[in-house]
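Quick note: the sequence shown, position 75, residue 75 per my numbering, numbers continuous.
Take the hints with a grain of salt, since some may be wrong.
Claimed, not checked - Label pairs and their computed distance ranges (CB to CB):
(1) R125 with E54: 29 to 35 Å
(2) K13 with P41: 26 to 32 Å
(3) P53 with P131: 43 to 49 Å
Unchecked claim - Below, simulated SDA-like cross-link-like pairs (lysine to any residue); rule was C-alpha separation at most 25 Å, straight line:
(4) K13 with Y120
(5) K13 with G117
(6) K13 with Q133
(7) K13 with R127
(8) K13 with I130
(9) K12 with I35
(10) K13 with A128
(11) K12 with V78
(12) K12 with I130
(13) K13 with A93
(14) K12 with F103
(15) K12 with P75
(16) K12 with L132
(17) K12 with R122
(18) K12 with T94
(19) K12 with V72
(20) K12 with L79
(21) K13 with V72
(22) K12 with R125
(23) K13 with A91
(24) K12 with Q133
(25) K12 with F107
(26) K13 with P102
(27) K13 with L114
(28) K13 with P75
(29) K12 with S104
(30) K12 with L129
(31) K13 with W116
(32) K13 with E124
(33) K12 with L114
(34) K13 with P74
(35) K13 with I106
(36) K12 with A98
(37) K12 with P53
(38) K12 with D101
(39) K13 with I110
Just so you know, these hints were derived from the structure itself, not from any lab.
In this text, a Cβ means the ideal position worked out from N, Cα and C, and glycines have one as well.
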Amino acid sequence: MQTLSQTNSAPKKLLWAGWIISALAVLFLAFDAIIKIIQHPEAINATAQLGYPETFVFGIGLLELVCLAIYVIPPTSVLGAILLTGYLGGAVATHVRAGSDPFSAIFPIIIGLLLWGGLYWRNERLRALIPLQS
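Let the sequences and hints guide you as you build the complete structure.
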């Protein structure tokens, strides 16, 4: 039989794991958005190699940052995850269309899994909506 402290420690560990996993994805996406917004030459070159004009870089970075801001605010985090899923789906489609290496096309999927996995572990309502327990 589990004691009350054992029962409460598992959700607390789950919550911490969710925040850590979410933070990894958020840090990467924030860095990516910021280098686009400040129009770092590397971001401009990478975007041009994917077939987008230089003038799109700022807008893409701003869109990413807005979606990310919606994700990090707890009451709107599910909406943010949905928006970022669409954004990352566009990144996958772009890399496939451009003929990028397979990792470049798979990496946005990994980031999306981190976003949703972290959110799932830290959001009790999402866990209730999608119960993955056996």
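Here is how each hint holds up against the structure:
| no. | hint | result |
| --- | --- | --- |
| 1 | R125 with E54: 29 to 35 Å | violated, 42 Å |
| 2 | K13 with P41: 26 to 32 Å | violated, 43 Å |
| 3 | P53 with P131: 43 to 49 Å | holds, 46 Å |
| 4 | K13 with Y120 | holds, 13 Å |
| 5 | K13 with G117 | holds, 14 Å |
| 6 | K13 with Q133 | holds, 17 Å |
| 7 | K13 with R127 | holds, 15 Å |
| 8 | K13 with I130 | holds, 19 Å |
| 9 | K12 with I35 | violated, 35 Å |
| 10 | K13 with A128 | holds, 18 Å |
| 11 | K12 with V78 | holds, 20 Å |
| 12 | K12 with I130 | holds, 19 Å |
| 13 | K13 with A93 | violated, 35 Å |
| 14 | K12 with F103 | violated, 34 Å |
| 15 | K12 with P75 | holds, 19 Å |
| 16 | K12 with L132 | holds, 18 Å |
| 17 | K12 with R122 | holds, 9 Å |
| 18 | K12 with T94 | violated, 39 Å |
| 19 | K12 with V72 | holds, 19 Å |
| 20 | K12 with L79 | holds, 24 Å |
| 21 | K13 with V72 | holds, 20 Å |
| 22 | K12 with R125 | holds, 15 Å |
| 23 | K13 with A91 | violated, 32 Å |
| 24 | K12 with Q133 | holds, 17 Å |
| 25 | K12 with F107 | violated, 29 Å |
| 26 | K13 with P102 | violated, 34 Å |
| 27 | K13 with L114 | holds, 17 Å |
| 28 | K13 with P75 | holds, 21 Å |
| 29 | K12 with S104 | violated, 34 Å |
| 30 | K12 with L129 | holds, 19 Å |
| 31 | K13 with W116 | holds, 17 Å |
| 32 | K13 with E124 | holds, 13 Å |
| 33 | K12 with L114 | holds, 19 Å |
| 34 | K13 with P74 | holds, 18 Å |
| 35 | K13 with I106 | violated, 28 Å |
| 36 | K12 with A98 | violated, 43 Å |
| 37 | K12 with P53 | violated, 46 Å |
| 38 | K12 with D101 | violated, 39 Å |
| 39 | K13 with I110 | holds, 22 Å |
Hint compliance for this structure: hints 1, 2, 9, 13, 14, 18, 23, 25, 26, 29, 35, 36, 37 and 38 are broken, all remaining hints hold.
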